[in-house]
Every structure is written in structure tokens, then in C-alpha cells.
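Hey, can you work out the whole structure from these sequences and the hints?
Numbering-wise (UniProt numbering), the sequence shown opens with residue 1 and increments by one.
In case anyone wonders, no lab produced these hints; they're calculated from the structure. It is possible that part of the hints are untrue.
Distance windows between CB atoms, simulated [stated by the list, open to error]:
{"id": "1", "residue 1": "ASP726", "residue 2": "THR292", "range": "52 to 58 Å"}
{"id": "2", "residue 1": "ALA233", "residue 2": "ASN209", "range": "18 to 24 Å"}
{"id": "3", "residue 1": "LYS936", "residue 2": "HIS181", "range": "47 to 53 Å"}
{"id": "4", "residue 1": "ALA409", "residue 2": "LYS575", "range": "46 to 52 Å"}
{"id": "5", "residue 1": "MET785", "residue 2": "ASN413", "range": "46 to 52 Å"}
{"id": "6", "residue 1": "THR802", "residue 2": "ASN417", "range": "45 to 51 Å"}
{"id": "7", "residue 1": "ALA409", "residue 2": "LYS936", "range": "55 to 61 Å"}
With a straight-line Cα cutoff of 35 Å, these simulated DSBU-like cross-link-like pairs (lysine-lysine) come out [unchecked claim]:
{"id": "8", "residue 1": "LYS493", "residue 2": "LYS312"}
{"id": "9", "residue 1": "LYS847", "residue 2": "LYS812"}
{"id": "10", "residue 1": "LYS521", "residue 2": "LYS422"}
{"id": "11", "residue 1": "LYS186", "residue 2": "LYS891"}
{"id": "12", "residue 1": "LYS382", "residue 2": "LYS885"}
{"id": "13", "residue 1": "LYS102", "residue 2": "LYS131"}
{"id": "14", "residue 1": "LYS243", "residue 2": "LYS530"}
{"id": "15", "residue 1": "LYS720", "residue 2": "LYS936"}
{"id": "16", "residue 1": "LYS718", "residue 2": "LYS729"}
{"id": "17", "residue 1": "LYS472", "residue 2": "LYS973"}
{"id": "18", "residue 1": "LYS746", "residue 2": "LYS422"}
{"id": "19", "residue 1": "LYS312", "residue 2": "LYS530"}
{"id": "20", "residue 1": "LYS166", "residue 2": "LYS780"}
{"id": "21", "residue 1": "LYS531", "residue 2": "LYS425"}
{"id": "22", "residue 1": "LYS557", "residue 2": "LYS812"}
A quick note: this is a predicted structure, and the numbers were derived from the prediction, not measured. Even glycine gets a Cβ: it sits at the ideal position worked out from N, Cα and C.
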Amino acid sequence: IKKPRNVCLSNLIHIRPVTPFFNDRTFGLKLGLLNIRSLASKAIIVNEIITDHGFDALCLTETWIRPDEYLSLNEATPAGYSYAHSPRLSGRGGGIATIHAKALGVNQKAGPTFSSFEVLVLNILEQGTNKHSFLLITIYRPPGPYSQFLQEFSEFLSSLITFSNKILIVGDFNIHIDNPHDTLSKAFISIIDSMGFTQIINGPTHHLNHTLDLILTFGVDIDNLAILPQSTAVSDHYLISYKIQFSGNMRSSPCYQVKRTITSSTAGSFIRNLPQLSTSVSCPSDPTELDTMTKFLEDTLRSTLDSVAPLKSKIVRQKKLAPWYNDHTRTLKQTARQLERKWRLTKLEVFQSVWKESLIHYRRALTAARSAYLSSLIENNKNNPRLLFSTISKLTENKRVTEPQMPSAYSSNDFLNFFSDKIEKIRQTILNTQLNSTNLVAYNSSLDPENIRVTPDRLESFTLLQENELIKIVSSAKPSTCILDPIPTGLLKEILPEITKPILSIINSSLSLGYIPKTFKLAVIRPLIKKANLDPCELSNYRPISNLPFISKILKKVVAKQLSPYLHRNNLHEKFQSGFRPHHSTETALVKIINDLLLFTDQGNVSLLVLLDLSAAFDTIDHAILLDRLENLVGVTGTALSWFRSYLSDRYQFVNVKGESSVRAKVIYGVPQGSVLGPILFTIYMLPLGTIISKHGINFHCYADDTQLYISSKPDDKIKLAKIEDCVKDIKDWMSNNFLLLNSDKTEVLLLGPKLARHRLSNSTLKLNNLSVSSSLSVKNLGVMIDADLSFDTHISNITRTAFLHLRNIAKLRNSLSLQDAEKLVHAFITSRLDYCNALLSGCHSKSLNKLQLVQNAAARVLTRTRKFDHISPVLSALHWLPVKFCIDYKILLLTYKALNGLAPQYLSELLSYYEPSRLLRSQGAGLLLVPRINKATSGGRAFSYKAPQLWNNLPANVRESDTAPIFKSRLKTYLYSQAFGD
Numbered sequence: 001i002k003k004p005r006n007v008c009l010s011n012l013i014h015i016r017p018v019t020p021f022f023n024d025r026t027f028g029l030k031l032g033l034l035n036i037r038s039l040a041s042k043a044i045i046v047n048e049i050i051t052d053h054g055f056d057a058l059c060l061t062e063t064w065i066r067p068d069e070y071l072s073l074n075e076a077t078p079a080g081y082s083y084a085h086s087p088r089l090s091g092r093g094g095g096i097a098t099i100h101a102k103a104l105g106v107n108q109k110a111g112p113t114f115s116s117f118e119v120l121v122l123n124i125l126e127q128g129t130n131k132h133s134f135l136l137i138t139i140y141r142p143p144g145p146y147s148q149f150l151q152e153f154s155e156f157l158s159s160l161i162t163f164s165n166k167i168l169i170v171g172d173f174n175i176h177i178d179n180p181h182d183t184l185s186k187a188f189i190s191i192i193d194s195m196g197f198t199q200i201i202n203g204p205t206h207h208l209n210h211t212l213d214l215i216l217t218f219g220v221d222i223d224n225l226a227i228l229p230q231s232t233a234v235s236d237h238y239l240i241s242y243k244i245q246f247s248g249n250m251r252s253s254p255c256y257q258v259k260r261t262i263t264s265s266t267a268g269s270f271i272r273n274l275p276q277l278s279t280s281v282s283c284p285s286d287p288t289e290l291d292t293m294t295k296f297l298e299d300t301l302r303s304t305l306d307s308v309a310p311l312k313s314k315i316v317r318q319k320k321l322a323p324w325y326n327d328h329t330r331t332l333k334q335t336a337r338q339l340e341r342k343w344r345l346t347k348l349e350v351f352q353s354v355w356k357e358s359l360i361h362y363r364r365a366l367t368a369a370r371s372a373y374l375s376s377l378i379e380n381n382k383n384n385p386r387l388l389f390s391t392i393s394k395l396t397e398n399k400r401v402t403e404p405q406m407p408s409a410y411s412s413n414d415f416l417n418f419f420s421d422k423i424e425k426i427r428q429t430i431l432n433t434q435l436n437s438t439n440l441v442a443y444n445s446s447l448d449p450e451n452i453r454v455t456p457d458r459l460e461s462f463t464l465l466q467e468n469e470l471i472k473i474v475s476s477a478k479p480s481t482c483i484l485d486p487i488p489t490g491l492l493k494e495i496l497p498e499i500t501k502p503i504l505s506i507i508n509s510s511l512s513l514g515y516i517p518k519t520f521k522l523a524v525i526r527p528l529i530k531k532a533n534l535d536p537c538e539l540s541n542y543r544p545i546s547n548l549p550f551i552s553k554i555l556k557k558v559v560a561k562q563l564s565p566y567l568h569r570n571n572l573h574e575k576f577q578s579g580f581r582p583h584h585s586t587e588t589a590l591v592k593i594i595n596d597l598l599l600f601t602d603q604g605n606v607s608l609l610v611l612l613d614l615s616a617a618f619d620t621i622d623h624a625i626l627l628d629r630l631e632n633l634v635g636v637t638g639t640a641l642s643w644f645r646s647y648l649s650d651r652y653q654f655v656n657v658k659g660e661s662s663v664r665a666k667v668i669y670g671v672p673q674g675s676v677l678g679p680i681l682f683t684i685y686m687l688p689l690g691t692i693i694s695k696h697g698i699n700f701h702c703y704a705d706d707t708q709l710y711i712s713s714k715p716d717d718k719i720k721l722a723k724i725e726d727c728v729k730d731i732k733d734w735m736s737n738n739f740l741l742l743n744s745d746k747t748e749v750l751l752l753g754p755k756l757a758r759h760r761l762s763n764s765t766l767k768l769n770n771l772s773v774s775s776s777l778s779v780k781n782l783g784v785m786i787d788a789d790l791s792f793d794t795h796i797s798n799i800t801r802t803a804f805l806h807l808r809n810i811a812k813l814r815n816s817l818s819l820q821d822a823e824k825l826v827h828a829f830i831t832s833r834l835d836y837c838n839a840l841l842s843g844c845h846s847k848s849l850n851k852l853q854l855v856q857n858a859a860a861r862v863l864t865r866t867r868k869f870d871h872i873s874p875v876l877s878a879l880h881w882l883p884v885k886f887c888i889d890y891k892i893l894l895l896t897y898k899a900l901n902g903l904a905p906q907y908l909s910e911l912l913s914y915y916e917p918s919r920l921l922r923s924q925g926a927g928l929l930l931v932p933r934i935n936k937a938t939s940g941g942r943a944f945s946y947k948a949p950q951l952w953n954n955l956p957a958n959v960r961e962s963d964t965a966p967i968f969k970s971r972l973k974t975y976l977y978s979q980a981f982g983d
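If you want it as C-alpha cells, here you go:
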């Protein structure tokens, strides 16, 4: 039984009125942290510190109070305050406490116990409600061995961030953060960074000038941080004072929006009101008839939509987001409220009983509706993770997730002029470069005779589309809609059987005539801010997003489906171009690049990686050069070439901002990025670049407009490294000839290799065509952070931080989701990130991979509702999830199988070769691969060309000899599953 609080002198002297912390707008607190080292002898001092500084809560470490001692705590607690205490259960010393104002809603959570540190977890609640505001956690780590602490603390953090969006961790960690070379300090910083926490103490907190007391924040902003030295009679640690403040929900005034009401019955009404489409121009014989028919179809669809779902001005209020609230649940709620009012009026038990039953029925129906809505949302958007994440975020955040507001000072014409002027300035810069350089000349295909390829086949015309193929393409297309579409894409898919023939006639007429309807060559530009933290008042912080009519995108997809096989069949791709090609991806490109860099490091060489970036590459393409490449380099002639000429000519665009449209501007450069055809045309435009780079003996790889150059040499061979400078110069000259501009500001250089070898070149700079570029510590290449050691620590930390963000959102919805739907979300947001380019992580340090394993463990616990500290292996086994290390091996072996069976890029297949013994052996013909020799397991042993044969040869014969890729996947997962969890 807790003893009554003793009345001490300090309680009578220091009386501080407690002010409300919460209102309808903000919530602010002043908090403190102090290592007191024996509260028993300093209780009155602590009392005075709280009242003098006006702390709403003071966190104490090293209280040295036993579990049954309350006198010192009572004496240290001022009037109007209470405390929470977690003593050390055995031995002397230790103990942590938090003294807080009673007006502050606090719940002490029964947290786990750890052997390497002590922890006190408090849940701070909003005043007047039981809603969670943030977690206040006090920690004390005794000095000593830290390997167990790192493991336990990382598990502790991973369990916290799936529970709360706002976490504040304070305490004495006894970690010398002030020493950047301290092993524990580096490992600790790596853990909190990967979890998304921020450490804000940047000065000494101990009288010996060490930083031992820390404040870790997650979703919490700290103000007025002060580190106040104390007398040694109080503590050898300093008092830390700070404030936190949260913004409340701001209710904005209602606004009006003109919109249509599309319901489940709209499609039926649309079909009934759709007039008979004219058949007089069912097979247009010339471009004029095709334009007429296209416009007639669009006008008919638009007018029919106006009759069944007219535009209406509606009030849009900022209200709680509950899209699952339907007519049925609304009726049940009204019934329950009527019965409640009847009971309160009559006070009869019979009405009370009926009301409670009605309320239970309503809540069950609401839960079922919410679950059904989320299930439908996940199923419909399982292939669109961006939209799925946006919707889930809106449902799980406390306030609405809104995009940065565009400044009212800029109109749609301002945006259009800025985007147009940007391209004109780039073109003018290129023209000035051509005029000022004697090495640059106007483009002429005859100047590059080696680039003119004679193909055994020609693409003279396109094959007409069949009706079943059209239905398949439309059904699989994303349901995106822009203001140019006559009806919403979702509605078009529902009524597709009624309008299949006119759409098919338009597409086939376009293919046969070599002409694109005018309405298909109009694009609407939507300005999108590049990053959320950028200033929305700067036009340069926006990028133009081009939206095209849905039917025009279907037409371009039909052409792309015929152009891509033609390029592949005639081997017209650049070998080291991995963008938009079958069996190629960012992962295969990076596997090749990292494999080469690891082998260079294994040989003791230093490598130079240069990442080239182009300014608005898709928007500056010259149409005459592109058409020349299509004809002379690719072999597109006849009607097909006429179609591309029509595709590039007479294009227009306008900007739409807040319902206001700009004037239309003609597009005379570039290829549209709003369809699948634009990127393919860009890769054709860039075809000669590979020849330019190969002349210099430089390794390179391209993915769309991203170009990576890399070369290696011994540390003292600076002449070889300088070859890349000449290569970059020729690349820039070729780009200027082709109206492409190298973006100097975003060109990055990374020096890789053994640390000692890098150190000898660390102070040197590289001249890239009169541009001095200093080597970076890490670069982002195709979504992967690459560091100088190729350890991928930064990349893994980024994955971990992002994955826990998504996992926290999933945890909030878990109670409303079935196991199958929750697992779909986990795979969409968590597993996909753990698997992205994980073939690069083979051989990485176990401490780094353990971070990813923590993510997978936390996801499994959220999915199965397993308790935080139950053993995780049985859970992973029940889910049939391979641990992270085995997932990496799975990816490498899958790439190996594809490379051996013609399902991977040629550059990966060339890294592998079958083992051929010098004499007849039993292993001959067993499908074993040759394992190359390496010098160091830390570098060469991680290369794909070494790791893949090593893992492949250890597979059972029945797995290696699988006939198809699906069979191989099944057998491989079964084998790895037995290795991970035992038979």
C-alpha cells in the first residue's frame, strides 16, 4: 500500500498554479532531465528545481531508491504534482522516476524489462480526453559492455514506433556521443538514425565535458533547449530544460467545389441514356474523318455524362474521414439515436434495453463496413502502391494529409510561362555552346556512319488491334483520369462493352493512316512540388506533370507493344541500357555495377563512379534528330514512320491550377512523358551514346536518362583515372550536338576502394570539362544509397526508417483488417522495400542486416498480433516468410537461374560460366558453375560473379534442374525454408 505523502517545508513554500496544457489549438509542456544520483539526500533540491523552473515534468535517473521507499519521492514532489517510479529490483543504485503535474494526463505503461538498461514508459494523454498524445520514456543505461544493449535497445525502438507517432526518449545513456570515433557512439547513432529518431543534444551534459544525457525525438519538435550546469553538490550531470509543443486540429471554413456525383448506379443510367453512335464514319478513310469521329465520340460521352451526373456546386467541409460510412450504417445510427432519446424521455428499462441492442447492432455494422471498405480498397489498388499509401495515410493520420498549397500569387499562365521559358533557356544555352566551340557541329546522320545500322527487318506498318486485345489493355490500365477525359476512366471501364467498336475503329484507323487525332495530342500540365519541405512560393521548386487523355494512352500502349518486340527481335538496344526493356530492371543494372566495383576493390584498385544527370532530358529532344534515328538507326519506315511524325507534330499543352486553365502553348521539343511510348523513344534517341563512351574504354551503364560511368586503377595511376575526364568532355559535346544539357549541379562523383588507397586520393578533385567535382561520401543511384565502402549502411537505414513509417500506419488499421488484407498491405509497403535490390546486400555486416530483420519481425508481430517479446521464429515459419538473410540468397539464386536460362540481361549471363573439369568426373554435366578465385571475402566474396556460383553449387540437383521459373521458385523457397527453420 502506498504511504501517504509527507508534508515538507518545500511543499508549503513553493506553490505553483497548474495551467491547462491543452486547448483546441495547441498543447505545450516544459520538461526537464537530470541525473540526480541518490534522490534521498537531494529531495528538497529536486522539489525546488521543479518549482523554480516551472517544469511540467522532470525526468530523473539514478534515484537509488528501493521498491518500498516513498519518503524521498514524496518530499521531492511539489504540491499539485505526482510521480511515477521504476526502481532497480536487485542490487544498489539505478532507478528512474518522472515527477509530473497532476493536471497532465499520465498513464504508466507496464513496459518490458531489460538486462542492459532500465526504462520507464509514460503515456501522456490530452486533457479532457483519453486520447494518446505522445510517449515520454526515461532510460538509464549503466556503464559497461554494450553489445547486449544495442540489440535490446533496437528491439525496444522497433516495438515503440509501431505504437505511436510521437515519442520522446530522455535519459542517461552513458554513451560518449561527443566522441565520433567511439565504437558504441557510432553503432548507437546508426540504430536511432535507421529508426527515424533524432538526437538533439549537441553539448556537454557532464562536468568532465562529456555528452552522456540524451534526448531522442520521433515526431516531436523541441524548443528552448537549455543545458544548465549544476553544483557538484546537486549532481555531476547538468540539468537539461526544454519545451515541446503540438499543433491541434484547425477547423477551416467550408469551401465550395464543383463536382459530379458518381455512384454504383451511374453506369446503368449512362448506358440507358447513351445515344446510338453514328456509323457513318465507322472506318475513317482520311485524317479529317478520323478527327471528326474522335471529336463526335468525346462529345457524345461528355453530354451523356452531363445528363446523368451533372456538375453541381457542393460544400466541402473539413470533417472526419470515414468513407466507409454508408446509407445502411447511417440508418442504423439514426435508429439508435431515436431509441436513446425515447429512453431518456421515458426512463423505461424496456427502451433502454432496446436502445443498447440497437447500438451494438450499429457498431457491428460500422465495423463490418469499415473492414469491407478497406478490403475493397486494398484489392482495387494492390498494383498502385502510391495511391494506396496516400489513402492509408489519410485514414491513419490525426489530421488531414494535405499537399503544400500553391501560392495564390501565381496563375496557371505563370506556371506555363516558367516551364516553357525553362526549356527555351536550356536550348539557348546549348546553342551558345555550339557557337562557342569548334568541336561542335550541327547534327547530321552522315557524320556518324558507324551508328547507321542495317537491320534485317523493317517496321513499315503496325498490326491492327483485335477487339479482345483492346478489352484486355483497357481493363489492365490504371484508372487515372484527367480533365481532358470526357468521362472518368472508372466509368469508361464499366461501359466499355457499349463503346468498344468506336474506340477500336479510332485506334485501328490511326495505325493504318499513320495519323493521330488532334485531341489526342493535347496535354494538361499539373505543377507538382518536388519535395514537401521546399518553398511553394518558388516556381523552380515545381516539376511539370503531363496528363494525357486515357484513350490516347491506350493508343500509345498499342504502338509500344509492337515497337518493343521489334527492337528486341533485331537487337537494336544498347547492351548496357536497362531502362524499359524485358528482363531488365534497376536491380539487374546495379548488380552489374556493384559486381564490377567489388571485384576492382578485391584487386586493390580504387574506382571512380560518376553519375551524370541531364536537365529536362525528355523535354529538349529534337524531333528531327529523333525521326532520323527512327528511320536510319532503327529501321522504322512507311506508315509507321508517318505515325511517329504525326505523333511529334502539332502538339499542344496548357496548365491547370485550382480549376483555372492557361492558354495553350505549342510543344516543339521533347517527347510526352505521360505514356509508355515516351521513355522508349528516349532510349532510341540515346542509342549512339554507348559508342561514344566505349571509345574511351570506360565502363558504363544507363537507365533511361541516368548514366553511370566507372573506371578503376591502382592508387598511383592517376593518368588512367583522368581518362574519364576526356570521356565526359566527349559526352558533353555529343549531348550538345543532340540538344541535351548535362546538369553540372547534380553530377556526383564517388571514390571507392580500400580505405588506405582512397585516403591517398581523398584530397584530390576531378575536373569534368572545366567543372571541379569533389568526391561525395555517398551517392543515390537508381534508388539505392551507395557509400565508399560499399557497406550499404546508409541505404539500410533509409529502408528501415521508411518501412517503420508504413508499418505504423498498418498497425493503426490492423483491427479492421482481415489477415489476408493486412498481409497484402505488409507486402506492398514493407516486403517490397526489404526486397528492392536486396541482391546487393549479400555479405553485408550482420549488424546492418539485423536492422532489416527487426523490420520484418515487427511486421510479423503486427500482422499476427503476436506479443512484443514472444519468440519470432515460429511466427515467421507459420507465415512462410524467409528471414532477411535467406531472402537475399533467394534473390541471388533467382537471378542466377534467369541468367542461365535466357531470362536475364546478357551482361549478367556473361558473369557466369559452367564448370568444365579437365578430366571426366562424376560432377560433369551436373549443372555446376565455375567459382572464380578472389583475394578478399569482404569484397570479392560479395560480388555476384562469386556469390552466385557458390550458392548455386550448394543447391540440390532437383532445384537446379527445374524446367520453368515458377517451378524453380517453388522448389528454391522450400529448400531455403528448410535451411532457415529446419525440416
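Which earlier hints turn out false for this structure, listed by number in ascending order? 3, 5, 6 and 22
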